[in-house]
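*Asks:* My request is simple: use the sequences and hints to build the entire structure.
As given, the protein sequences belong to chains A and B, one line each in that order. According to the working numbering, numbering within the first sequence proceeds without interruption in unit steps and concludes at 973. According to the working numbering, numbering within the second sequence proceeds without interruption in unit steps and concludes at 218.
These are computed hints drawn from the structure, not numbers from a lab. Don't be surprised by glycine CBs; every beta carbon is placed ideally from N, CA and C. Among the clues, some could well be false.
What the hints assert, rightly or not - In silico contact screen, one side only, chain B against chain A (beta carbon under 10 Å); selected entries:
id: 1; residue: ARG36
id: 2; residue: ARG112
id: 3; residue: GLY160
id: 4; residue: ALA184
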Amino acid sequence: MASPRDAAPPWTGPYRSYDLVKELAICIAVVAALATLLTILFSSPDEKPSTIASWARSQPNDFLTTATAELDGSSDTAGYGPPYNHAATGQVIGPLHLQSWLGVSHPVSTAVDYVLAPLATIPNDPALRAALARYVAAPAAQRSAWTDAYAKSIGRAGGSSGAGPVAPMMTSLLGLAQSGGLDGALLTSRHFYQTDYTKPLLFLADGSLLSDRAQAQHLLGDQWGMMNETGSYPGQVWLWLYTFWYQIKPFSTSDNADALVWALMMLLSVAFVCIPFIPGVRSIPRWIPLHRLIWREHYRAQAGRAS
Amino acid sequence: MSVHDASRERSWTARLRARAERALPPEQLLPDRQPAYVASWIYVFGALTIAALVAIVASGLILGLKGPAWWHVTAIGRFFNGIHLWSVEIFFFTMVVHLWGKFFMGAWRGGRSLTWVAGAVTFLIAIAAAFTGYLSQQNFDAQWISTQAKDGLNSVGIGAFFNVTNFGQMYTFHVILLPLAVVLLTAWHVLLVRRHGVVPPYVRSAAAARGEEHA
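*Replies:* Structure, rendered in structure tokens:
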């Protein structure tokens with residue numbers, strides 16, 4: 667039950683003239699003028715998106731390393747778990763396995779989606795066809811030995827001995843990516859019209875290009891990235907509390923950081939909505955009497971009448 | 004009672020109108036006077052928040068009518084994107100000031116709890132609306148935010164049905180579902196304010212009031 671001192675009996679005192687419609691009209695004019703002024707002065711940020719083609723051209727070794735990791739199942743996406751695959755159980759909140767309970771809703775098979783299927787679309791290349799057939803028919807241990815050998819050879823002079831069919835496969839994949847064909851292949855693999863960028867975005871995120879650009883723009887997680895914007899523009903500053911938790915322990919060092927931060931923020935959000943019903947919290951405004959400043963004229967008039 | 008009157012009494016339309024008029028008479032819905040204590044700049048921030056919402060919806064309508072790629076390739080599109088962005092920044096600034104003001108007024112007192120709840124839920128839904136806007140930009144920022152935010156949403160299972168890397172889904176949420184929710188919640192919040200009135204000041208004892216006056 668609320669304290670009697672929190673009571674708000676119906677107002678029986680004097681009234682004053684107040685034009686709500688005029689106030690709103692003036693506010694709309696002020697906001698429109700301010701937004702227009704800020705737009706004229708600062709415009710809005712628009713950093714061009716990265717493409718797989720631009721990544722393969724600017725960082726070919728990183729592209730090849732990432733594609734090899736997708737092929738042998740060692741990339742972040744390959745080992746992610748739900749909702750993309752069954753490679754891991756995902757994060758947990760105590761006994762709650764929320765990440766795995768809803769299953770794999772956006773299936774991604776990194777080897778097939780990012781390497782084997784795109785390569786199969788390249789026409790008139792018998793050598794590539796033979797390399798693909800050899801790779802697919804080989805036992806898992808042999809494939810792993812080839813991808814290991816190839817990964818070690820990336821960026822080194824002297825070829826890729828021991829990489830078997832993986833070397834010509836990756837050379838073809840790099841060519842496909844640099845020509846822009848892989849961007850298209852990942853988007854139109856199911857049908858012509860497409861708005862789901864899950865596959866190309868996960869592939870890009872497994873590489874270094876996005877994070878390199880993000881670091882330069884102060885957008886990384888340990889740079890309070892979620893609330894920042896490219897350039898010097900204000901971003902989603904209202905996410906400061908969500909971002910804050912990632913900067914401190916135990917969240918900053920936990921494997922379950924995302925789940926824990928989300929659980930905490932959901933709890934705090936419910937508490938925020940329920941402030942009127944939480945004893946103690948609902949009395950804070952009485953204990954920290956900023957209301958005396960807001961209603962100073964009212965209290966002054968009240969004191970005048972009392973004396 | 005005439006047949007006509009009996010028919011009117013049974014009419015759903017007439018009963019709804021009567022109920023609406025009882026709950027919120029016109030002079031209470033659009034009053035031209037307020038209690039004398041409504042005399043502070045803090046009261047303007049609620050109206051400023053609604054004004055910013057009007058600017059957001061208006062600029063968003065123009066951007067939406069021209070399609071998501073328009074603002075990247077035309078100067079006029081970039082201008083309206085700027086209006087949209089800065090209106091959002093103003094919206095959150097004024098809403099947070101309004102929120103803190105209402106918190107320190109204890110604005111939930113006197114049977115006004117639901118007014119606070121409606122406003123707080125509006126704030127949370129507005130955050131989601133802005134977030135999907137950032138995901139719908141079709142630029143590097145959208146790429147980075149989506150690939151980072153997916154981990155938090157996936158970790159609690161939300162990613163299974165709310166896929167931040169699916170532009171089509173995020174765009175639908177941003178231009179229809181979440182703005183509609185924000186506008187409807189704002190309308191509900193304002194109607195509750197009108198129905199229950201602006202919260203009166205904390206009651207102070209006469210002795211405390213005299214003490215402050217003489218201090």
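*Asks:* Each hint should be assessed against the structure and marked as holding or not.
*Replies:* Hints and how they fare:
1. ARG36: holds (4 Å)
2. ARG112: holds (4 Å)
3. GLY160: Holds: closest Cβ of chain A sits about 4 Å from GLY160/B, inside 10 Å.
4. ALA184: Violated: closest Cβ of chain A sits about 15 Å from ALA184/B, beyond 10 Å.
In the structure shown, a violation is registered for the earlier hint numbered 4 alone.
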